[in-house]
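Using the hints provided, position chain B relative to the given structure of chain A.
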Amino acid sequence: MKKNSTAQNIEEIVNKALTELKSTKTLADLDKWRIQYLGRKGLVVQLKRSISDLPSAERPQFGQAVNSASTELETKLIDQQRKISSNDKNEPTESIDVTLPGVPTNNGSLHPITQTIRDICEAFTSMGFEIIEGPEVELDYYNFQMLNIPKHHPARDGFNTLWIDQEDSNGEKPMLLRTHTSPMQIRTMEKQDPPVRLVVPGKVYRYEATDASHEWHFSQIEGLAVDKGITFANLKGTLYEFARKLFGEDVRVRFRCDYFPFVEPGAEMSIDWNSRTNETGEENWIEILGAGMVHPKVLHAVGYDTDKYTGFAFGIGVERIAMLKHGIDDIRLFYNNDIRFLGQF
Amino acid sequence: MLVPLSWLKQYIEIDLPPRQVAHLLTMAGVEVADYREIGGHLDSKFIVGEIIEIQSHPNADRIKLPVINIGAEHTVQVVCGAPNIREGQKIAFAKLGAKVFNTRTEKIEQLREANIRGVKSEGMICSVKELRLGDDHEGIMELDNSATAGSPLSEVVSDVVFDIDVTPNRADCLSILGIAREIGALTNKTVTEPDYSFPTNDKATKNIISVEVKEDHLCKRYTASVIEGVKIQDSPHWLQDILIKSGQRPINNVVDITNYVMLELNQPLHAFDIDSINDHKIIVRKAISKEKLTTLDGETRELEPPMLVIADAAGAIGLAGIMGGSNSEVSKNTETILLEAANFEPVNTRKTSSDLRLTTAASYRFERTLSPDLAEIGLRRATALIKQIAGGEVYGDIVDIRTKIDQSTIIPFDSNRLNQVLGSQIKYEDAIKVLQSLGFVMHQDKENDINLIDAIEPSNSLLSKTTYFSAPYWRPEIEIQEDLIEEVARITGYEAIPTAMISTAIPHHRPQSMWHFKEDIKDKIAALGMVEIITYNVNSESELTDTNAWDKTNPPLSLANPMISEQRFLRPSLVANMLKALSLNKKLSRDEPLRLFELGRIFIPNSTADRLNLPIEKESLIAAFHGNRNVRNWSSKPIKMDFYDSKGVLSALLSGLGMEIKFKEKTENIYARGRCADVIFNKKIIGDIGELNPEMLKCFDLEGSLVTIFRIDIEQLFSLIVVKEKKYEKFSKYPESSRDLALIVDKNLSFYEIESVFKKHKYVKDVIPFDIYTDDSLGNNKKSVAFQVIFQSTKNTLTAEQIDRCMEDLLNRLQRSIEVEMRQS
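Protein chains in written order, with this note's numbering: chain A, 1 to 345; chain B, 1 to 825.
Just so you know, these hints were derived from the structure itself, not from any lab.
In this text, all values refer to a predicted model and were calculated from it rather than measured experimentally.
One or more of the hints may lead you astray.
[As the list claims (entries may be wrong)] What follows is a set of in silico ranges between Cβ atoms, one per label pair, in the way DEER data are often shown:
| no. | chain 1 | residue 1 | chain 2 | residue 2 | range |
| --- | --- | --- | --- | --- | --- |
| 1 | A | Tyr141 | B | Thr359 | 22 to 28 Å |
| 2 | B | Asp297 | A | His214 | 27 to 33 Å |
| 3 | A | Asp193 | B | Gly656 | 37 to 43 Å |
| 4 | A | Asn274 | B | Lys587 | 37 to 43 Å |
| 5 | A | Asp193 | B | Glu302 | 52 to 58 Å |
| 6 | A | Val103 | B | Phe770 | 32 to 38 Å |
| 7 | A | Val103 | B | Gly656 | 19 to 25 Å |
[Stated by the list, open to error] Far from chain B, some chain A residues (derived; all Cβ distances over 12 Å):
| no. | residue |
| --- | --- |
| 8 | Asn15 |
| 9 | Leu27 |
| 10 | Gln36 |
| 11 | Arg49 |
| 12 | Ile51 |
| 13 | Ser56 |
| 14 | Gly63 |
| 15 | Ala65 |
| 16 | Ser85 |
| 17 | Pro135 |
| 18 | Glu249 |
| 19 | Ser275 |
| 20 | Met323 |
Every residue gets a Cβ at the ideal spot worked out from N, C-alpha and C, and that includes glycine.
Bound-form chain B, shown alone:
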């Protein structure tokens, strides 16, 4: 919303600098995003001039020699080629030495005396562009006739334009008068209303037009006036100027006045050429299905009920509250106009506007709810201006169709509630003054016939005082006491409200929160050298198919309006986004280690029958490893990270949570065959781990890379361990002993089978493999496993004999269950 200061000043005295005005409005909830000063650069070399006479140039037909009154009975002669000069015109005059924009050199230059084809020019009549006030260079800038010759130009043209972001609740602030009322309340000044009066003839509107409102709930009021004998032409300069500053394009006097009044008072208006209305009959009705209307923007639109139209006997001539039809448009030849100011229902207007993708200044206002009272006020103001500017005669009455008059809401305003909500000590009398300054009307008593709104009754207190208020017609959004409290608070200023900590007791918190659990996991895994990433929650179909995450029987939920059309599916897996992150970083990092993790949500839709219910959102963890184990360095050779790097981090993470987990080989398509496993805790699968399938990696530009990941279902993990505390285990005070052992075993024998035999023995504390290799010399399908067995007793120091016996015993047991051969060391 662009608001020129000069326009505001027509209704209210403003003596504060623009910066202060912007600040006051912003603090009170009417945010001034910016303001622009116009004409501040025009110094005393620029003055108002009046063209007294125009002489012809002796040597050039198209060049004129106007004589200009520059005040104090001085005249000068200049040379001017502009097409739009005439005698008696007030113009912007640049004296010699003024800094003007030279449209030929595109530079700001000092004006010097010129001699054009033998005639001296002692100054210049400027265009808008030459004055640096805009881009217009069609002709010279015309000033309003009220300007005094010789006075500084800056007095006439300089202005400030505020750019205001109006919140959806404040339709009133979409108008100049609304902003003026705000400033009035904030600065204790009174607003002067514009002139709504006009002379009329004694003709009756019913003799020229009939109006029928068929949908009175969609059109709460329809008012119209008839003005005959108008002369359609360009608007006077002041009107064009103010519209341009407000961001509107001038069209003709009648249309400009409707726009002007809409900006001034907020009431959208529309002028019809009465002779283009078939049978001079207006019907406000719902559109008929597939009814066509060509709107003023030239588009032909197909309408559907319940879109509301203004129709005549033949068909639609306007889209109610949105845009007029070109079939009834005011043109140069229009003599009699029907001026409409109606009130249209917000929701239907908004639906129509969104269905037709047509938002206009009018629809924007109706969507935000306007009072039916405003219609007549707007109509009278616009009628007065048309009579004044476009001439003609106004019919003696107006059309006014209003089926039901809403009773204004009477809102209680209780002194206790005011300070109960604000925590302040605002004086009740002062609060009442604020409300009155905003145009609220006070009622001392709650009258019997008034509908009190239900939500808030004043609280019962001996000390409390209650009065009742009704909101002015321009604030229909004010409904309840809290709305009044906000008015008081924002006009008084939020800085006047004290700052205090909450003094009531802290409520109970739920113990063992998922949030804290997740943060704990993040801390632990980051401490293990992993870098956290956070990715978008969406994927494309191909990304999900490639990562085996597309469940055909229950496909992922998709977005109706995704940001990128392929990226529309809510991810049921974290794999694809992790691979995208790896791929991006791999390009940047040569073979440097990449250890990334994400703890985020995956989305599993409900079964097909039930897809309107919210999906299941599961917290899930993924970690991925790629590249060398260490940053390149001088102390060790680069080693590629593999399955066991990943397993090491996972084991450390879970043992940090006090969990002992098992791994069981499995097959899944995303992993390389034979190189992945389920992660098992308490016989439940809580996740998996493995080297990714090289074929899949190709899809993510990771061809030939070794990538290992693990995935953990955090929700399940949480449910399994949340009640389990880590238990202290006593440790033996007797020393450990160890023996190394090397066995030649079947190549496919898992280490777990050896380990589990050893670990069953009460003296075996740990079994640590330290060398595993295969070699032809070992025989077909054999491998050598060397490991250290650590012995310890809780009761005494084990003797060498005891350990020897134990070793012998264990080897026997081992040989009974599997085929092993001791390697000679």
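Bound conformation, chain A alone:
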């Protein structure tokens, strides 16, 4: 063999080695193979040694051939090793029932009203509105009088008020549960010069018989923007942007005239629910919020210069929006606190 070593001889050895390699099944088999071919006394080493028996002209070519054979065998060895060892690991000790349920985790959740308030507030904070809060027990003064709703004004009929049972020396009840978040307009403007741009989320209360669409205890988000040059067009722009953020890019909105004593002109915004879902067919206008340009009497009362400053205000009913978004058909579910309901959000 020594004397007959040629390139062809090398090829035969490699082929044989590779065939044997393929049939190895365990790491022990593989080790045997490695010793036989690539070991210190293995065939490859023997071939290398046999180079000295060759005429010097043939040596470089032979040497190259042996080296590349050696490299090939080593590479293939590693491949085979990988194959065997991964097969080894995958050798199951015992199979499991993959259909059993996973180990439960405890999932917390935020109340849908919390989530809706955040969605709404976020739409406005991205337009530069600041979030502030105010007291739920309010004075008649802030809840009504400063908002251009004097005592005994018929507009009070629309705010069925829950009064705190404390009478002053005139036999009048000065405190109430706020009927809207609007008093914070006054409280803020009393303390702060324009510009003002804020939203006020919070609970509000009305004396109303409870049914699927009425609660006496609900949430509202007030908005106020006062500055030089604030217009009704800005009111429309801001609220349209809000509607797009909440209900999607294709939502259609419409503004109609409405009356709130603390704005002039007053407006109500509706959205076409069907435009949102891209459904064709009838328009389905749903009232979303009340708004308007802040009444000059209100600005005047807090000492703002009504020639210089104008502003708009709006009030959004949170439950109504949450009900629309999630298809909830009974407002009472929100404060019933049944986890079968709460767990869905």
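Only chain B this time, still in chain A's reference frame:
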């Protein structure tokens, strides 16, 4: 407010479909909640008939045989048992084949030729009910005499009735004419005013009646007319019909006319039988204390000043602006009437109406402010109609007492301001046209004797144009320029105003807001597996007493008019509502884990002396744990949640805020004795935690349950940590080593005492208890505590020798302060 289209059409031409009319009004601020079409189902089988003659039935006394002209010189004979037919009457006639409502079978049936006791009937004279126009089946439906025999019935009876929600500022829209004016402005049509004229005799009212107004600030104007020789009877058909459609019940011609004119023009009126007025003397005065008056609804009411009454020489005969008295009511025998149209002050009317719990169509209108000008207009219209319908003669003059005539407010209208407010480019000329179409009167110059209202002066600009307007008498609520701007905007349409984002700079926001802090807490606690609830802010007294939240020295504020009478106290604690929520869910969930939290407000009233000031509203957090630690599953056995589950969540929550807290055992009644603690941060108590007292749980239907809660004062937490940022702490790059240790110690020794000794050592990084048990073999009052001590140095890798030395040292220290025994492992 019910508004029949046919009535509107008397003043204005309307060629739009009802749907369009409703839309236009709604967009302009006069919301049409709904509209109802009447008589749309009446096809050509229903026509107007005229009874030419009535023959008797040969075989039945009560059945008549009217012969009916059905147009084009055709007549038919039918059989009819109705009591109210007469010759010459116009009636609703159903031809054979018409679909009528059969009142016996209660079904809609096709009319067939009938033979009633031997006489053929070729059709039917219908009642309102048979026509499906209403419930009346007393007799046949009578049509107005102006109807033409043979013409389709639908032309005569079909109508549309709009149901309009009128906002409190628009008293004018409580009238048909007011709505007609709106439609006029919206559709560019002119309104035709009704006829206010009537012939009179030459008698003077002062000879039959004297009127004295004692309270001229409560009654700005009192007008009255006298009509003698009226005949009180039922109103003509058209009048009854229109009142019924408008939601009013017909009474008699004079009363119906007062109602009609109130609906038409908005002016409430009242008719007195002049002969029932003692001494023929009317006095408008405040009620005398405890004065009694029986109002037209039959109720006897006790009055108090400053309620305003209409009185005669003997006493009250009417409640001004609200309801007449039965002592002066118009009756069948009335011959001469005093017709009153006055103007009463809104606030006093509203107070009286609310004190007496008596709201009427009249009081509703006066509350919303009517112009004194309207009184005379209403009076003239009603007088004209009474003369026309009830006959009689009208006295030559009217009573008119008006002490002070208010000057009409002249309002500047500035072109710059218009677009400054709206952000639009509405042409000034167009805006002026809109105002004029609504009846506003333009004044080119600001006259000297005119009181300009103070708030708004026109802005000074070279380009600005200013004119002045006064509002028509039916719009007394229009006071300032913005009111004019709204008129322009709403009639032009809000869709004509552009949509634009705010272009001025964003104002500074206050950093570190409480709102964001609360939301952060909610996120963190929800991430720890807690479900948020939101509960009502009220509780009953017993719920608060049961949860030890009723402070006798400073009881909670209560509501004067709560929704549920027991639930009237503003909660000073979140515990009761949390337990109610747990109780509700427990019933539904077997022993499944309940981990609920609420972050809400509690209300602490000011001290008793100062209870008229607003209470303190504190943001507060409560979390409650009940049931098993995990949802039932195959991989672990159910374990009940206890104090330590609650403590785990609380610790994770607060360490998430970068706070290290301590727990100190305490006693409080809501908790089980020895199973609760104060939560302490920086030596301040920020809340508490514990297992609830089983006795208290009974009150909430949670008997035998283990409920653990913690409560945190969020306001205090916020004030303590808001300025504190989490600080990065370097961690050692050298490896940790650990040793396990088991000690037998006194049963009452707290783990904290062991931990604190160990933690003082600079190499001790942590002490983790992993097994605690008591056993008789340990000796009386002893427990075994096994824990792992973790060692680490920031300077080098600790050697086994170093750690051994350290352990020895620590045990010595421990033994010096407490009695411990090493357990052999």
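Going through the hints against the structure:
{"no.": "1", "hint": "A:Tyr141 x B:Thr359: 22 to 28 Å", "verdict": "26 Å, holds"}
{"no.": "2", "hint": "B:Asp297 x A:His214: 27 to 33 Å", "verdict": "30 Å, holds"}
{"no.": "3", "hint": "A:Asp193 x B:Gly656: 37 to 43 Å", "verdict": "38 Å, holds"}
{"no.": "4", "hint": "A:Asn274 x B:Lys587: 37 to 43 Å", "verdict": "40 Å, holds"}
{"no.": "5", "hint": "A:Asp193 x B:Glu302: 52 to 58 Å", "verdict": "53 Å, holds"}
{"no.": "6", "hint": "A:Val103 x B:Phe770: 32 to 38 Å", "verdict": "22 Å, violated"}
{"no.": "7", "hint": "A:Val103 x B:Gly656: 19 to 25 Å", "verdict": "24 Å, holds"}
{"no.": "8", "hint": "Asn15", "verdict": "52 Å, holds"}
{"no.": "9", "hint": "Leu27", "verdict": "33 Å, holds"}
{"no.": "10", "hint": "Gln36", "verdict": "44 Å, holds"}
{"no.": "11", "hint": "Arg49", "verdict": "49 Å, holds"}
{"no.": "12", "hint": "Ile51", "verdict": "52 Å, holds"}
{"no.": "13", "hint": "Ser56", "verdict": "59 Å, holds"}
{"no.": "14", "hint": "Gly63", "verdict": "50 Å, holds"}
{"no.": "15", "hint": "Ala65", "verdict": "52 Å, holds"}
{"no.": "16", "hint": "Ser85", "verdict": "30 Å, holds"}
{"no.": "17", "hint": "Pro135", "verdict": "5 Å, violated"}
{"no.": "18", "hint": "Glu249", "verdict": "15 Å, holds"}
{"no.": "19", "hint": "Ser275", "verdict": "15 Å, holds"}
{"no.": "20", "hint": "Met323", "verdict": "15 Å, holds"}
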